[in-house]
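Starting from the known structure of chain A, arrange chain B on it as the hints suggest.
Quick note, the sequences are listed as chains A and B, same order.
Here the first sequence is numbered in this note's numbering, starting from 188 and rising by one per residue.
Here the second sequence is numbered in this note's numbering, starting from 188 and rising by one per residue.
Since the hints were derived computationally from the structure, they do not count as laboratory data.
As the structure is a computational prediction, the values presented were derived from the model and not from experiment.
Don't take every hint at face value.
Pairs involving identical chains hold if they fit within one copy or between any two copies, as the list cannot separate such chains.
As the list claims (entries may be wrong) - Cross-link-like lysine-lysine pairs, in silico, DSS-like; alpha carbons within 30 Å at most: (1) Lys-273 x Lys-514; (2) Lys-392 x Lys-260; (3) Lys-322 x Lys-273; (4) Lys-484 x Lys-273.
As a plain string of letters, each chain reads:
Protein chains: 2
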Amino acid sequence: MSKTEVVLGIDIGGTNTKLGFVDREGNCLVAATMPTEALTEVGPSKEVELFLQRLYSTADGMFAKISDTCVMKGIGMGVPNGNYYKGTVEMPPNLNWNEIVPLASILEKHYGVPAALTNDANAAALGEMKFGVAKGMRNFLVVTLGTGLGSGFVVNGDIMYGADGFAGELGHVTVNPEGRMCGCGKVGCLETYVSATGIRRTVYKLLADHTEDSEMRRISFDDLTGEMITEAALRGDKIAIEAFDYTSKLLGLKLADTVAITSPEAIILFGGLTRAGAHLLKPTHKYMEQYMMPIFKDKVKLLVSGLTGANTAVLGASALIWNELDKRPQL
Amino acid sequence: MSKTEVVLGIDIGGTNTKLGFVDREGNCLVAATMPTEALTEVGPSKEVELFLQRLYSTADGMFAKISDTCVMKGIGMGVPNGNYYKGTVEMPPNLNWNEIVPLASILEKHYGVPAALTNDANAAALGEMKFGVAKGMRNFLVVTLGTGLGSGFVVNGDIMYGADGFAGELGHVTVNPEGRMCGCGKVGCLETYVSATGIRRTVYKLLADHTEDSEMRRISFDDLTGEMITEAALRGDKIAIEAFDYTSKLLGLKLADTVAITSPEAIILFGGLTRAGAHLLKPTHKYMEQYMMPIFKDKVKLLVSGLTGANTAVLGASALIWNELDKRPQL
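This is chain A alone, in the form it adopts within the complex (with noise of 0.2 Å):
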């Protein structure tokens, strides 16, 4: 009997790093979760050397359950400042890795096996285009709404990577050039109002400007996250419910901007923010048809993430490869 074909999706995040063995229909066969960083202070090419020692053993272990049935074909990997076209992670600034690592050529070396790497909201995108709500689709983007916000765009059914690798920023288009300031050096950036962070500065300032009660003055701004600002909206505190608004606002606009440059079939959302649930979706198609250039009004579908669950950020890491193995099948 001929083996099953599995590759290895990693997703590194800034706290932890997720692998999962995924099959070509998008079968998590075992997972596994290690600490991205370690444990204590190293410096940065002993934490990458650590890093590697943890991601292999862990790999390992896992793949060891699965060989008699499988054969591993690939690598695909979903990381922080990720450079799909020289396959290395560079100077991402939520891990302490102070350098560019050439991640994967490293892998390919390791195990013998192609590798891809590309960014975490780039890898979204592919996942959605394999196994989620975008099968079959060759214009979308993934909007990502974590602590940041990023964006994975597929055109003539490719990701663009653009020049440099680095296409997709679109949490750093500006709202307002005189606006907050953000975590790249920028004023007024799209993520510094909408992303987990971005809607907490908004309730602080509409707490400010307000006299409302509401439950999140009880909770100072650095024990305030997004989760408790989407439940807080569920159970219909009006100020939360306010900066959904806002933040919607700001969203549709922006969203309505990139349809004109791209005109893409469906806009897909993903991550904590979308618990929200209608308190984010409904203001925000709202407000994106408003803005939207009349020829493109009522054609773009808003959607949100088809791939739930634990294993999701793994499954958009293999597809990266599934595709790469599929364009080069010679390899």
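Here is chain B on its own, set in the frame of chain A:
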């Protein structure tokens, strides 16, 4: 001796339609111009019929001059509201063709060669890639600054047509939701500020706000043209120079946003306003870099079109069909 392969490039403008037979190297062997609309009011479908009669007789007359040495391989067109996917011209606002005209298939049937069409900005982008300053580039955009603002994006080496064939409407991203009324039905679109008509509106705003004298105070709104404002700026008129600075600021801001989304190697400006030279280019570059996300700073070239002369638009249209013929050599 084998005959030289040529294509017919056609650029349909609101007033004139330009035609040229172009070889693979971008040499325009014979060119002509004819009026786009009938001289007397005839109604939409008759209008299209008469347009086709003029087109056939003009093209046939041109081809007669080169038919001894050339063979016609295809037809490419740059047209208003052109849908590349369907080969149709769809209700162009500036033409009296009140219908959806399947122009590509009409010409394919008449001449027995492949025909393709797209809008003029996409044709310009293909022209730059094949014959102009974008040779060898796989990710760039062309911004056409004419009566309106058009744009054509090349992503991964192909035009980004989007889901419906109408991607690239950079002229209709929102600068200010409470700003100027736009012909598209929206408010505050970029082209209401950045285009020949946009800068005219800015001049009138500045003439209202300031007391400074200007040669443009002697010209009515209806008589003022982009060329006059360009000439005034080149002569040192302060209102004209300030109007170019304001235009450049908004263009630079939106170009920086566009870079964040698409990460192009270059942005190529095209059209009448570029004749203002440094009055447009220097401030546009300055503001673009000012609003640029740091990872893209000093990476993106801002260029002026390398296609000059009367046959520019025809070269773009011919590039479209050369591109199609190269993609589908069996045709």
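Hints, verified against the model:
no.: 1; hint: Lys-273 x Lys-514; result: both (17 Å within a copy, 27 Å between copies)
no.: 2; hint: Lys-392 x Lys-260; result: neither (51 Å within a copy, 64 Å between copies)
no.: 3; hint: Lys-322 x Lys-273; result: both (27 Å within a copy, 23 Å between copies)
no.: 4; hint: Lys-484 x Lys-273; result: between (39 Å within a copy, 20 Å between copies)
In this structure, the one hint that does not hold is number 2.
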